[in-house]
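Visitor: Chain residues, written in single-letter form:
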Amino acid sequence: MEATDRTASSEAPADPQARPADPPVDPQARPTDLPARPADLRAHLPGLEPDRRVTDWGRSELVEQALERTVYDFLYHYWFRVQAEGIEKVPEDGPALLLANRAGGLPITATMIAKSLRHRRRLHFATTRSLDAVPGLDMFLTKAGAVPAHPANLHRLLFDEREAVLGFPEGGSARPLRDRYRLKSFEHLELIRAALSARAPIVPVAVLGAEEASPVLASPRWLRLSATAPLPMPAKIRIRVLDPVWRTGGDVETLAADLRALIQENLVEMLAARRSVWLG
Amino acid sequence: VRRILITGVSAAVGGRVAQALERDPGFEAVIGVDTDDPRHEFRRTEFVRVALERRPLSRIIAAAGIDTVLDTRLIDHPLSAPAKRIEAANEAGTAELIAACAAQDTAVTRLIVKSSAAYYGHGPGRPAFLTEDTTPQPRTAIERSIQATERMLREHQARHPQTKVSIIRFPDVIGGDSRAGGALAGLLQLPVVPAVLGFDPRLATIHHEDVVGALVHAARHDLQGAYNASADGVLTLSEMASLLGKTLLPILPPVGTGFAAAQLRRLGLRAPVELVRQLRHGRALDNRRLKASGFAFAYTSREALVQIRAQQQLRPLLTAGGESYRYEPDLEEFLRWSPSVRGHGPPAAGQAAQSQPAQSEAALSQAAASQTTTTSPGQAATSSNDAISQDDLVELIDSLDDEGLRELRSYEEAHRARPAVLEALGRSLARRTP
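Which chain is which? The protein sequence lines are A and E, in order. With the numbering used here, the residue at position 51 of the first sequence is 51, and numbering never jumps. With the numbering used here, the residue at position 138 of the second sequence is 138, and numbering never jumps.
Keep in mind the hints are simulated off the structure, nothing from the lab. If you're wondering where the values come from, they're calculated on a predicted model, not measured in any experiment. Careful, some of the hints might be misleading.
As the list claims (entries may be wrong) - If you only want the chain E side, here are some residues facing chain A, beta carbon under 8 Å, derived:
no.: 1; residue: 195
no.: 2; residue: 197
no.: 3; residue: 198
no.: 4; residue: 200
no.: 5; residue: 202
no.: 6; residue: 409
Claimed, not checked - Each pair of labels, with its calculated beta carbon distance range:
no.: 7; chain 1: E; residue 1: 410; chain 2: A; residue 2: 65; range: 38 to 48 Å
no.: 8; chain 1: E; residue 1: 159; chain 2: A; residue 2: 257; range: 47 to 57 Å
no.: 9; chain 1: E; residue 1: 191; chain 2: A; residue 2: 162; range: 40 to 50 Å
no.: 10; chain 1: A; residue 1: 92; chain 2: E; residue 2: 124; range: 31 to 41 Å
no.: 11; chain 1: E; residue 1: 191; chain 2: A; residue 2: 161; range: 29 to 39 Å
no.: 12; chain 1: A; residue 1: 262; chain 2: E; residue 2: 221; range: 45 to 55 Å
no.: 13; chain 1: A; residue 1: 122; chain 2: E; residue 2: 190; range: 47 to 57 Å
no.: 14; chain 1: E; residue 1: 190; chain 2: A; residue 2: 257; range: 48 to 58 Å
no.: 15; chain 1: E; residue 1: 83; chain 2: A; residue 2: 78; range: 55 to 65 Å
no.: 16; chain 1: A; residue 1: 62; chain 2: E; residue 2: 56; range: 17 to 27 Å
no.: 17; chain 1: E; residue 1: 83; chain 2: A; residue 2: 62; range: 38 to 48 Å
No residue lacks a Cβ here, since even glycine has one placed at the ideal position from N, Cα and C.
Based on the provided sequences and hints, a complete structural model is requested.
Guide: As structure tokens, this is what we get:
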């Protein structure tokens, strides 16, 4: 169970020592350079081949369906009893960047958000840490819908393919349980930059319950992953989608601070309304 | 009207490019050079055998008034020669070519170079779709030599702004003429497809036909700068294996992959470093710049794989025949220049030559047709000969022996009975049994 969970969801936030500089960034592909590629290249994206069951990103329909039927369904309905509000605020088509607060030790949040949106649209998960070094894990995450948060990848997904991307912009290592729901500053600014250059709306998402579901007991520096409960705890998960933010320019860091404050505010409000960790 | 010089004309790609361009009235002179005899039959292309490291190239270019040079000579296949020789061929050969193009008395205004996606190298943390301006990270000798070659070409472009230098980068070539294939094509020939445990790389490929098509496109149109020529559709290795109906065998361990590959090499299995890195990290290219310039690919990656599957099933029938064409300098000279030859048209024995270049253009224009003939892998499994596109079949006919021909004819009559195929079969049989 623990293993499936870890792999099924796809964020880097679970990683205690994610350094913002971790994915080697191509100097040629910085978002400042990206708009130089002419927009009309969008017309030349490869067409759909209906016989294929794998996308060009390596995402496998078969793996996704298998996970959906076995793991996601059970977790969503019975284990976490997810309640989502504001789903209709996610744009039905066109690009969108969803930014959520980090989950606890295991990246559960991403799959639960994706599951709550499944009737609306497909999500790609931006992983802010490269997992190339881990055999099997990287392959599995890619098949389950993860895409490395390289500026060029984000730009292609948001601008060219007009897809929806979910990212976790908090920096630093996973918080221990005593600091839960105190958001760190947003350090993965490449997510926000990509949304701005693609003129994509940013949809903030506040998630309550994930930090109790997989509490981080300790995150010593020498360990690459934080020590966490081996199985996710059956905490009640509440997802609140906030109003989309449309920006096309302005200071990225100010916007990041604003978004962080917005999600923090909503988390405080949801925490105050919560009566029980397990029943909600 | 252009006058073009093609290097590497005796290789699978260069020969086909020459055959396509000699049919184009927009090229009034087509001159092919190489170090070996050509393996393709030419109607109009004049072949000159040169050693690239010597000086005759600049004399040919000056004497023939060449204005377009198409260089298909770069090597990116690690198994085709020792690394040192590949390096020498790539870097010294290109330096020689550039010097010839830049000489005083030449009028070369366009230089088209067939380069390789090996330029980018393999590695972690790279964009999922490499664009033309992604910074290369070469690791191996071949990758570095390709990069050094391109640097020379860029410098040439900077020094001679009136010359248009276009660099077309091709990923692994699959399908079509097996001699053109790279390391990946060789891998896909194996009875099982080896893999690195725990990795399923995304791989860029291009069909042999599209390599020829892209170079012809670059010769006909004014392209400038670098272009990625990679077929639409990025397949994962597991997807390729299932399209070929083969088993994926994770034979290489994820830790100590290089060491394991070295042991395999000791056992005689050919596993070059580039291929091992490719199987681990994969690589995909963004081909939209080339498509935006007006080029249409004939095959998607998936269609190329479906065709390979059909060819692999047909292979036992094909191994019997040898090479159908042999270069005879005296005969070629007689056919081209003797006043006794009527019309200076195609050589008398040129039926095969007609069908071959016809194929390249037909294949380009018949993208739709080949897509319909190579549809589902299930269908390909039941009737492999049917799934091979008509053009490919016609091309293969000359390499069959008599018995294979008769067998194929009875098969074709019983199944799809395509008139063009039957006609070519009849012609070939008639030629052989005088």
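Visitor: Give a verdict on every hint.
Guide: Results for each hint:
no.: 1; hint: 195; verdict: violated (10 Å)
no.: 2; hint: 197; verdict: holds (6 Å)
no.: 3; hint: 198; verdict: holds (3 Å)
no.: 4; hint: 200; verdict: holds (5 Å)
no.: 5; hint: 202; verdict: holds (5 Å)
no.: 6; hint: 409; verdict: violated (32 Å)
no.: 7; hint: E:410 x A:65: 38 to 48 Å; verdict: holds (45 Å)
no.: 8; hint: E:159 x A:257: 47 to 57 Å; verdict: holds (50 Å)
no.: 9; hint: E:191 x A:162: 40 to 50 Å; verdict: holds (43 Å)
no.: 10; hint: A:92 x E:124: 31 to 41 Å; verdict: holds (35 Å)
no.: 11; hint: E:191 x A:161: 29 to 39 Å; verdict: holds (37 Å)
no.: 12; hint: A:262 x E:221: 45 to 55 Å; verdict: holds (51 Å)
no.: 13; hint: A:122 x E:190: 47 to 57 Å; verdict: violated (36 Å)
no.: 14; hint: E:190 x A:257: 48 to 58 Å; verdict: holds (56 Å)
no.: 15; hint: E:83 x A:78: 55 to 65 Å; verdict: holds (59 Å)
no.: 16; hint: A:62 x E:56: 17 to 27 Å; verdict: violated (58 Å)
no.: 17; hint: E:83 x A:62: 38 to 48 Å; verdict: holds (40 Å)
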